[in-house]
Amino acid sequence: MNAWVECLNINLVGAMHCLQEAAKIMIDQEAGSIINMSSLMGVQGYPMRSAYVASKFALVGVTETMARELGKHNVRVNALLPGAVSGENMDGVLERRSLAEGRSVEEIARDNYTEVAALKRWVYPDEVARAALYLASDLSSAITGDKIKVDCGRF
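So in my numbering, spot 12 of the sequence shown is number 94, and the numbers just go up one at a time.
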């Protein structure tokens, strides 16, 4: 249970603290864009990651709620939902899942990530960054309370 509490504290409570502090400044200036970093797991379950999934689902709910609360102050609140992002974190996920399932890292990567994505590849960190830039910019001025998947088409 400690792992659950730690995960919720980091991914939900920590995000809420950041959101509240940013909102204070943005309310005063009557403008702003808050971007919560959720996950594709914020809209779908995933084996062996229940605490993480719960924290990210909750963050999507907070995003939608705060968008309604802060909209009257011209503050937008959205969530990014990255899918499987290439990098050290994903390497660790693959290794743990490989050990738990007794399958190779390559097989797990292929069967559960790259081959099930419409684009047949990983998401790259800079692609997530570009989506964040879009949400932070005036190009997305009519978007609030939304969640944007950056997942190479993993439906």
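Among these hints, one or two may not hold up.
Below, in silico cross-link-like pairs of lysine-lysine (DSS-like), each with a Cα-Cα straight-line distance of 30 angstroms or less [stated by the list, open to error]: (1) Lys-202 <-> Lys-231; (2) Lys-106 <-> Lys-231; (3) Lys-154 <-> Lys-229; (4) Lys-106 <-> Lys-154; (5) Lys-231 <-> Lys-154; (6) Lys-106 <-> Lys-202; (7) Lys-202 <-> Lys-229.
Since the hints were derived computationally from the structure, they do not count as laboratory data.
Now the hints, each set against the structure:
A hinted pair counts as satisfied when its Cα atoms are at most 30 angstroms apart, and Lys-202 with Lys-231 qualifies at roughly 16 angstroms. Restraint check: the Cα-Cα separation between Lys-106 and Lys-231 comes to about 27 angstroms, which is no more than 30 angstroms; the hinted pair holds. This hinted pair checks out: Lys-154 and Lys-229 have alpha carbons roughly 20 angstroms apart, not beyond 30 angstroms. Distance hint between Lys-106 and Lys-154 is fulfilled; the C-alpha atoms sit about 13 angstroms from each other, no more than 30 angstroms.
With a CA separation close to 26 angstroms, the supplied pair Lys-231 and Lys-154 stays within the 30 angstroms bound. For the proposed pair Lys-106 and Lys-202, the alpha carbon gap of about 42 angstroms is over 30 angstroms, so the pair is violated. With a C-alpha separation of about 22 angstroms, the suggested pair Lys-202 and Lys-229 falls inside the 30 angstroms cut-off, and the hint holds.
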